[in-house]
Amino acid sequence: MNTTSIKNALITSVVFLILASFMMGVQLVPEGTSISLSLADPVRLEALGVALALLFVFQLFREPISNGWQAVKNKLPLPEHGIAETLQTKGEQHPRLKQLALAFLLAALIIWPFFGSRGNVDLATLALIYVMLGLGLNIVVGLAGLLDLGYVGFYAVGAYSYALLNQYFGLDFWSCLLLGGFIAAFFGFILGFPVLRLRGDYLAIVTLGFGEIIRILLNNWTAITGGPNGISQIPKPTLFGLEFSRRAKEEGNIPFHEFFGIDYSSGYKVIFLYLLALLLVIATLWVINRLLRMPIGRAWEALREDDIACQSLGMNKTIIKLSAFTIGAAFAGFAGTFFAARQGFISPESFTFIESAIILAIVVLGGMGSQMGVVLAAIIMTILPELAREFNEYRMLMFGLLMVFMMIWRPAGLMPMKRPHIALKESKEENSSSISQQPAHAA
Amino acid sequence: MSSQENNQQTLLEVEDLTMRFGGLVAVNKVKLNVKSGQIVSIIGPNGAGKTTVFNCLTGFYKPSDGRISYRGENITGSKNHEISRKGIVRTFQHVRLFKSMTVLENLLVAQHRHLNTNLLSGLFKTPAYRRSEQAAFDRASFWLDKVNLKSMANRDAGNLSYGQQRRLEIARCMVTQPDMLMLDEPAAGLNPRETKELDELICELRDHHNVSVMLIEHDMKLVMEISDHIYVINQGTPLADGLPDQIKNNPDVIKAYLGEA
Ligand SMILES: Nc1ncnc2c1ncn2[C@@H]1O[C@H](COP(=O)(O)OP(=O)(O)O)[C@@H](O)[C@H]1O
Ligand SMILES: [Mg+2]
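In the order they appear, the protein sequences are chains A and B. Here the first sequence is numbered in my numbering, starting from 1 and rising by one per residue. Here the second sequence is numbered in my numbering, starting from 1001 and rising by one per residue.
Hints are not guaranteed to be accurate.
[Stated by the list, open to error] DEER-style ranges, computed between Cβ atoms:
1. B:Thr-1126 x A:Met-23: 55 to 65 Å
2. A:Phe-405 x B:Arg-1130: 38 to 48 Å
3. B:Pro-1045 x A:Leu-424: 35 to 45 Å
4. B:Asn-1118 x A:Leu-102: 27 to 37 Å
5. A:Gly-227 x B:Gly-1158: 43 to 53 Å
6. A:Arg-290 x B:Thr-1237: 51 to 61 Å
7. B:Gly-1158 x A:Asp-41: 54 to 64 Å
8. B:Gln-1093 x A:Leu-424: 48 to 58 Å
9. A:Trp-112 x B:Arg-1130: 36 to 46 Å
10. A:Glu-390 x B:Thr-1126: 50 to 60 Å
11. B:Gly-1158 x A:Ser-5: 33 to 43 Å
[Unchecked claim] Which chain B residues face chain A? A few, computed with CB under 10 Å, are given here:
12. Thr-1102
13. Glu-1105
14. Ser-1141
15. Asn-1154
[To be verified] Covered by chain B, per the in silico footprint, the following chain A stretches (three or more residues, Cβ under 8 Å):
16. 289-297
17. 310-319
If you are wondering where the hints come from, they were derived from the structure by calculation, not from laboratory data. Since this is a predicted model, take the numbers as computed values, not measurements. Glycine included, each C-beta is placed from N, C-alpha and C at the ideal position.
Let the hints inform the model, and build the full structure from the sequences given.
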């Protein structure tokens, strides 16, 4: 213990005291027509006092504590890198094993909902929607390095595309799934044009604005979008024309249970939605995995690394940025269409800034650019709040705490992105023999 | 001018190139002429405006005045990526690699124009796509061999030593199959052995790979050894130009530049 740690502890405590006394130590009490300020109830004040004491002691003995923690960490037989990384390396060393593990995982993912509870399956579906959103935003933020704070706008475009196309033109889910993606991509393209000249903070602020504009537009264009009341009775997806309701809503459609001659159960619908979401996520993962190994995916990353070098190699910065923005938006569009179909009801309230923030948190938490990390983070971010329902009020506080701990513990995210390993053919004689064989001479 | 120079075709011609930053005239009426198959060097003290000339030629800056023509075509004020697509690529005084990507990926990024960039054929790995990808791998492999980095192919570029990073930057230019390579102080920070290797590499590029080279360099031994023609710039203004021997013995140059050291 020395003077600096005492000073540190004092400063931290004072800051805590100031913040806590305003936010938690006092409350507003309505008195007739006016409101007056009074102290919070004694239990809370006591809790604050205990927290203050703990904080002070922790700051005072921070060095010995962290040294002790380091010692404990070294003693533990944990592998040097996290479990995730070890798994990844293992997978690379034994490709067959990896494939087998993936096959088992997939089978488990398909089978469990038939035994799981309805609520859990529903929650898993929600998690899968966030996985899709996270993967989409990961293209823009994680790979291309463009900080987009208005991503939820494209999610809204997708959802409203389905709702409106269905309401006004009677289009079904499947055609709208494609259309929703395309329309969102189109919005990404149009909005991207003016925005992409900007860099860093400016880009973030303008995209934030666009996200809000889309929401406010939906909120106020009452004649078409229903304004704050939203749009209800959006039909659920069908399986080759089979509906999952008790009675067919649309002329000529047959309900699923009648077709197969089984009893009606609302559980089928939930499971169907889950499997559909799973399918969409797998498709998303496959597409993005391919993109990453294609010139365009590498161009996104190169642009994030050094845009000047990119230009000097003949790459068109604007087109590359725009493609990231557009393709990212398309995935939000798909997710939005599915979201609208699952909910059956949408309103602008589902597309507030906080959603963008959560999706961004998923990307950062998972590890910028890392696919598996994003999947894991999306699951954590959707399931944790459900598990801790009683603390719902403190949800944002918990997110904040989680972020702070992550930044200290694993600044590169849960599973930092791994570079693909490409083996070059060993062709010594061919390469060193003569200059006439060199492939670079084509021109 | 020697008779040999006259026989060759002019690749790049620069007339009265001027670049002003506010009141500062960084480059003042510079003339350059590069013939195909030549190594042309630009020398001058620090701050003379050499890098600025490169920046103007490659479209990073829009020149305030003057005319740049490449293969007879006026490219003054063209965009950066348009110029490099015509076959002029450069390295940077401060190495600019894609640091968190692997060495091989750096070379693949550079070949984006020679790759099949159709989205669908890439997604479904059509035979045409595979062929173009394989060609890119082969080309990358060839140049990695040339710059002695093949064993590093899957390392992150940022983890290479300084000399290796310099070589990778040159390889990254070469996989784009340029006609003209512009190197900004490529020997800075290299040890004598690495400088010697660089010397050989540059000569090989000219002799066997059909590129003309423009070189900014402070290592006089290197410059005098490999240059076909040398331009001297002092405070943005052309001071002299000629064959290495002429420059070595030019009293103005000795006074302004060589004498300083
Ligand atoms: N973007 C810029 N803005 C203002 N001044 C610049 C800029 N780029 C270069 N300069 C100035 O131009 C002069 C020449 O710089 P530079 O071309 O880098 O010299 P060299 O490469 O010969 O050492 C310097 O005085 C430098 O400060
Ligand atoms: Mg310079």
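- Task: Tell me if Asn-1154 (chain B) is really an interface residue toward chain A, meaning its C-beta lies closer than 10 Å to one of theirs.
- Result: holds, 5 Å
- Task: Could you tell me whether the CB distance from Gly-1158 (chain B) to Asp-41 (chain A) stays inside 54 to 64 Å?
- Result: holds, 56 Å
* To do: Confirm or reject the claim that Phe-405 (chain A) and Arg-1130 (chain B) have a C-beta distance inside 38 to 48 Å.
  => Holds, since Phe-405 (chain A) and Arg-1130 (chain B) (Cβ atoms, about 45 Å apart) stay within the stated range.
- Regarding Arg-290 (chain A) and Thr-1237 (chain B), is the given constraint of 51 to 61 Å on their beta-carbon distance met? holds, 54 Å
Q. Holds or violated: is there a CB of chain A closer than 10 Å to the CB of Ser-1141 (chain B)?
A. Since chain A brings a Cβ to about 5 Å from Ser-1141 (chain B), closer than 10 Å, the hint holds.
Can you tell me whether the CB distance of Pro-1045 (chain B) to Leu-424 (chain A) sits inside 35 to 45 Å?
The hinted range 35 to 45 Å holds for Pro-1045 (chain B) and Leu-424 (chain A), with Cβ atoms some 43 Å apart.
task: Determine whether the Cβ-Cβ distance between Gly-227 (chain A) and Gly-1158 (chain B) falls within the hinted range of 43 to 53 Å.
output: Holds, since Gly-227 (chain A) and Gly-1158 (chain B) (Cβ atoms, about 52 Å apart) stay within the stated range.
Exercise. So the hint says 48 to 58 Å: do the beta-carbon atoms of Gln-1093 (chain B) and Leu-424 (chain A) match that?
Worked result: Given range 48 to 58 Å: violated, Cβ gap about 30 Å.
May I ask you to test the interface hint for Glu-1105 (chain B) with respect to chain A, counting a Cβ-Cβ separation under 10 Å as satisfied?
Nearest chain A Cβ about 6 Å off; hint holds.
Indicate whether the distance between the beta carbons of Trp-112 (chain A) and Arg-1130 (chain B) respects the range 36 to 46 Å. Given about 37 Å between the Cβ atoms, the range holds.
key: Range hint compliance [Cβ, Thr-1126 (chain B) to Met-23 (chain A), 55 to 65 Å]   = Once the Cβ atoms are compared, 59 Å apart, the range 55 to 65 Å for Met-23 (chain A) and Thr-1126 (chain B) holds.
For this session: Would you check whether Thr-1102 (chain B) satisfies its interface hint, that is, whether its CB is within less than 10 Å of any CB in chain A?
Result: With Cβ-Cβ at 5 Å, under 10 Å, it holds.
In summary, the one numbered hint that this structure violates is 8.
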